[in-house]
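Q: Here are the chains, one letter per residue:
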Amino acid sequence: MAEPGHAGPGPARPPVRPPVRPPLTARHARLTAAVLLALAAVVTSAVSLDVSLTAFTEGAEDVGNLIDRMLPARLDEPGRIVDLAVETLLIAVLGTVLATVLSVPLAFLAARNTGPGRLVRTGARGVITFCRAVPDLVFAVLLVRAMGIGVLPGVLALGLHSVGMLGKVFAEAIEDSDPGPREAARATGAGRLQELAAGVLPQVVPAWISLFVYRIDINLRTSVVLGFVGAGGIGFALQDALRGLVYDRALGIVVVILVIIAGMELLSIGLRRLLLTRPVAGRAAGATAPRDTVRVTAPWSRERIARFGSAALLAAVTVHGLFALEIDPREVFTSLDDIADMAGRMLPPDFTAVGGALTTALLETLAIGVVATAAGVVLSIPLGLLAAHPVAPHPLVYWGARATILGVRAIPELVLAIVFVAAIGLGPLAGAAALAVGSVGFLGKLVADAAEEIDPGPLEAVRAVGGGWWQRLSTAVVPQVVPSLVGSSLYLLDVNIRASTVLGIVGAGGVGFLLFEAVRTLNFAFAGGIVLLVFVVVIVVERCSGWLRRQVR
Amino acid sequence: MSPVITTRALTRRFGGTTALDDVGLTVGEGELTVLLGLSGSGKSTLLRCLNGLLPASSGEIEVLGVRVDRARPGELRALRTRVGFVFQQFHLVGRLSCLENVLVGGLGRLRGPRYGVPTYPRAMRREALDHLERVGLADRAFQRADTLSGGQQQRVAIARTLMQRPALLLADEPVASLDPENARVVMDLLVQVCLEERMTVVCTLHQVDLALGWADRLIGLRQGVKVLDRAAAGLDRDAVMGVYRQVAPDAGPVGDRHG
Ligand SMILES: Nc1ncnc2c1ncn2[C@@H]1O[C@H](COP(=O)(O)OP(=O)(O)OP(=O)(O)O)[C@@H](O)[C@H]1O
Ligand SMILES: [Mg+2]
Numbered sequence: 370m371a372e373p374g375h376a377g378p379g380p381a382r383p384p385v386r387p388p389v390r391p392p393l394t395a396r397h398a399r400l401t402a403a404v405l406l407a408l409a410a411v412v413t414s415a416v417s418l419d420v421s422l423t424a425f426t427e428g429a430e431d432v433g434n435l436i437d438r439m440l441p442a443r444l445d446e447p448g449r450i451v452d453l454a455v456e457t458l459l460i461a462v463l464g465t466v467l468a469t470v471l472s473v474p475l476a477f478l479a480a481r482n483t484g485p486g487r488l489v490r491t492g493a494r495g496v497i498t499f500c501r502a503v504p505d506l507v508f509a510v511l512l513v514r515a516m517g518i519g520v521l522p523g524v525l526a527l528g529l530h531s532v533g534m535l536g537k538v539f540a541e542a543i544e545d546s547d548p549g550p551r552e553a554a555r556a557t558g559a560g561r562l563q564e565l566a567a568g569v570l571p572q573v574v575p576a577w578i579s580l581f582v583y584r585i586d587i588n589l590r591t592s593v594v595l596g597f598v599g600a601g602g603i604g605f606a607l608q609d610a611l612r613g614l615v616y617d618r619a620l621g622i623v624v625v626i627l628v629i630i631a632g633m634e635l636l637s638i639g640l641r642r643l644l645l646t647r648p649v650a651g652r653a654a655g656a657t658a659p660r661d662t663v664r665v666t667a668p669w670s671r672e673r674i675a676r677f678g679s680a681a682l683l684a685a686v687t688v689h690g691l692f693a694l695e696i697d698p699r700e701v702f703t704s705l706d707d708i709a710d711m712a713g714r715m716l717p718p719d720f721t722a723v724g725g726a727l728t729t730a731l732l733e734t735l736a737i738g739v740v741a742t743a744a745g746v747v748l749s750i751p752l753g754l755l756a757a758h759p760v761a762p763h764p765l766v767y768w769g770a771r772a773t774i775l776g777v778r779a780i781p782e783l784v785l786a787i788v789f790v791a792a793i794g795l796g797p798l799a800g801a802a803a804l805a806v807g808s809v810g811f812l813g814k815l816v817a818d819a820a821e822e823i824d825p826g827p828l829e830a831v832r833a834v835g836g837g838w839w840q841r842l843s844t845a846v847v848p849q850v851v852p853s854l855v856g857s858s859l860y861l862l863d864v865n866i867r868a869s870t871v872l873g874i875v876g877a878g879g880v881g882f883l884l885f886e887a888v889r890t891l892n893f894a895f896a897g898g899i900v901l902l903v904f905v906v907v908i909v910v911e912r913c914s915g916w917l918r919r920q921v922r
Numbered sequence: 202m203s204p205v206i207t208t209r210a211l212t213r214r215f216g217g218t219t220a221l222d223d224v225g226l227t228v229g230e231g232e233l234t235v236l237l238g239l240s241g242s243g244k245s246t247l248l249r250c251l252n253g254l255l256p257a258s259s260g261e262i263e264v265l266g267v268r269v270d271r272a273r274p275g276e277l278r279a280l281r282t283r284v285g286f287v288f289q290q291f292h293l294v295g296r297l298s299c300l301e302n303v304l305v306g307g308l309g310r311l312r313g314p315r316y317g318v319p320t321y322p323r324a325m326r327r328e329a330l331d332h333l334e335r336v337g338l339a340d341r342a343f344q345r346a347d348t349l350s351g352g353q354q355q356r357v358a359i360a361r362t363l364m365q366r367p368a369l370l371l372a373d374e375p376v377a378s379l380d381p382e383n384a385r386v387v388m389d390l391l392v393q394v395c396l397e398e399r400m401t402v403v404c405t406l407h408q409v410d411l412a413l414g415w416a417d418r419l420i421g422l423r424q425g426v427k428v429l430d431r432a433a434a435g436l437d438r439d440a441v442m443g444v445y446r447q448v449a450p451d452a453g454p455v456g457d458r459h460g
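For the protein sequence lines, the chains are H and D, in the order given. For the first sequence, the residue numbers in our numbering are 370 to 922. For the second sequence, the residue numbers in our numbering are 202 to 460.
Simulated from the structure, these hints should not be mistaken for lab results. Be a bit skeptical, because a hint or two may be false.
Stated by the list, open to error - Some, not all, of what chain D presents toward chain H, calculated at C-beta under 7 Å:
hint	residue
1	Arg296
2	Tyr316
3	Met442
To be verified - Non-contacting residues of chain H with respect to chain D, defined by C-beta distances greater than 10 Å in every case (computed):
hint	residue
4	Arg390
5	Pro392
6	Leu562
7	Val615
8	Trp669
9	Ile674
10	Val686
11	Gln840
What the hints assert, rightly or not - Just so you have them, the derived chain D footprint on chain H, three or more residues with Cβ under 8 Å:
hint	stretch
12	522–529
13	824–830
14	849–861
Using N, Cα and C, we set each Cβ at its ideal position, and we do this for glycine too.
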């Protein structure tokens with residue numbers, strides 16, 4: 370018998386057929402395990418929430434009633450509503466500006482390639498993570514308690530929570546920047562700050578602008594519900610109408626909200642186009658400039674005017690906002706005492722005030738997040754893909770899908786939750802349904818953007834071999850969007866778990882109800898315990914999703 | 202012998218620029234034709250018009266007996282399965298394994314979408330492995346495509362084309378992003394498989410010496426106008442370099458239009 374591996378001439382053996390199956394690697398095994406685990410989590414969560422379609426069909430009648438009572442929509446005191454709408458917009462802008470101002474230095478301190486040292490870096494990251502892990506409405510509830518009802522707590526809440534996202538992604542943009550220009554700046558003898566400003570800043574600014582615009586969008590959605598907890602804006606009027614069961618007035622307010630959000634969405638699409646499209650190469654204005662005029666500043670090209678105009682507009686809105694909302698920045702410092710006092714009373718945290726109910730509520734919150742994310746993913750993938758040019762078989766399909774996503778995006782989750790609570794009753798199922806529908810607006814857009822940004826090369830290659838629509842989708846588009854799809858879905862899970870912690874405010878289940886009760890009854894130690902738990906859960910989820918994301922890259 | 206490619210008065214405009222201006226040419230079976238011309242002269246546009254990736258603005262195109270300019274989408278797809286295309290930037294899906302990228306070349310023979318190597322028939326996987334073997338990359342079959350060097354990636358792309366068993370191969374600067382050594386290896390491979398499979402080839406190249414070495418025939422474009430069309434035999438370097446001369450478009454054509 371020939372020895373295995375025996376080389377050289379020997380007894381003739383049939384040629385060894387190479388394998389035509391991919392070899393099973395450890396990575397595959399880990400991925401499979403992760404997928405199975407995720408499926409198990411979804412099923413367990415769904416069972417624990419008693420998800421059943423009958424709940425929805427039975428709720429149809431209640432929805433019918435509700436819609437009956439909502440129509441026709443009414444706009445009482447239009448002047449006041451418009452004032453509140455403007456206030457809401459200004460809160461969103463000011464909150465985002467505040468977050469940006471705080472995030473830029475934090476990002477430089479937190480980024481691996483610019484942070485001054487390990488200790489500072491870890492500290493900066495800790496601050497960013499903390500801000501992200503505490504939901505904006507929780508910040509708002511706590512700050513309203515400490516500083517009193519008003520607009521300022523709303524702005525601060527949005528600003529602080531947004532630092533959690535902006536600081537993180539700003540830092541990631543810095544870490545992704547090309548080290549070459551920095552080195553070049555250093556080689557000319559530039560100081561440390563000069564080096565960062567000349568070598569890093571120009572590279573990251575486009576990404577930052579896009580993130581800023583994106584965050585204003587998100588914050589606008591939150592700012593319309595800040596009023597529910599007394600932190601200013603149009604949510605106050607909505608809450609009022611819902612409490613009084615004046616549903617036609619509530620619908621009128623919701624319509625106003627949809628209009629501002631849709632307007633903002635259009636504005637942000639326009640801004641992105643204006644600010645982030647690159648000028649066509651080779652057609653730079655300088656190329657045709659007459660030789661005899663020597664300019665020392667860039668010519669006023671369309672791009673430069675757009676940039677300059679947007680910056681001026683933002684500055685004007687910010688200043689106007691400070692005056693219109695009668696915000697005195699000094700107030701932040703004068704109320705630091707109260708904030709510190711309240712924070713002090715949250716320590717040491719107390720987990721025992723309601724016994725086992727806390728664990729139950731926390732698990733319920735997790736289950737809501739998981740189920741909502743799973744349903745959201747299932748709904749968003751087809752819709753998002755159809756809303757991308759490389760996939761949409763027809764412009765009508767494209768615009769239909771885009772419009773659906775935009776429409777859903779315009780409705781804040783809390784408003785959806787109110788509708789579902791009316792339809793299927795108080796409880797976690799209403800919360801899960803609201804978040805699932807809301808997810809479509811969020812994930813559908815990310816899927817569409819990812820599919821728009823794929824490398825068109827493989828698409829053309831599949832077309833060149835005669836591949837059809839389905840084949841192009843499965844071999845050229847899907848493989849390219851999978852990493853970002855997984856990333857966005859996990860991010861959605863993060864977002865939904867955080868959102869599900871505040872759904873309790875309208876009776877849609879989860880730990881939020883306990884939290885708001887604790888704050889309302891001034892049991893700050895228990896509130897501290899809940900905030901700490903939410904914090905831990907969010908961190909754990911983030912870590913897990915980070916690991917998963919690395920596996921599929 | 203009927204020609205594999207015939208174009209008449211082929212014109213393609215992009216807004217104000219005319220990328221192809223009244224181009225007429227024929228390519229016979231088994232011929233190895235090289236397209237030359239400055240950057241922006243319309244070479245890629247011509248190749249992409251030939252398999253319908255770009256619709257022509259006007260003019261007639263007939264490829265392998267199919268009127269590309271009039272073909273319905275289904276006919277166009279059927280034609281493309283018989284026409285190989287090699288891209289300068291390879292156009293591999295970086296995240297997928299080499300084998301799966303090669304299998305993409307067989308999509309025209311299958312119906313419906315595929316995702317993942319196991320979704321392709323076993324016989325096809327064998328065939329794909331054989332093609333990878335032929336380009337010398339059998340051992341990389343399950344490695345991600347984006348972990349290969351440029352030359353290796355282009356070889357995977359060639360294996361993908363072989364998977365189509367094409368009658369005609371269009372190659373758009375197949376070696377422009379490769380170093381000279383890899384360029385030679387890839388060109389050798391390309392010409393060798395074309396000879397073995399008796400494929401008709403139209404290839405754009407920037408290296409005049411490579412072109413003179415390989416081609417049966419040279420076609421030159423300048424600003425979308427055909428300015429050279431001759432058998433390579435007996436053509437010298439200077440005559441070819443004329444294609445690259447920056448002259449006014451109304452200057453006479455280099456060489457003889459009827460090759
Ligand atoms: N999709 C497009 N939109 C607008 N103009 C285009 C487009 N594709 C090509 N062109 C223009 O058509 C002309 C011919 O381009 P083409 O890519 O065919 O040139 P090429 O000879 O392949 O050049 P290179 O050697 O650089 O690849 C150029 O002027 C180019 O700017
Ligand atoms: Mg080209």
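Q: Give a verdict on every hint.
A: For each hint, the structure was consulted:
| no. | hint | in the structure |
| --- | --- | --- |
| 1 | Arg296 | holds (6 Å) |
| 2 | Tyr316 | holds (5 Å) |
| 3 | Met442 | violated (25 Å) |
| 4 | Arg390 | violated (6 Å) |
| 5 | Pro392 | violated (6 Å) |
| 6 | Leu562 | holds (37 Å) |
| 7 | Val615 | holds (52 Å) |
| 8 | Trp669 | holds (25 Å) |
| 9 | Ile674 | holds (24 Å) |
| 10 | Val686 | holds (38 Å) |
| 11 | Gln840 | violated (5 Å) |
| 12 | 522–529 | violated (count 0) |
| 13 | 824–830 | holds (count 5) |
| 14 | 849–861 | holds (count 3) |
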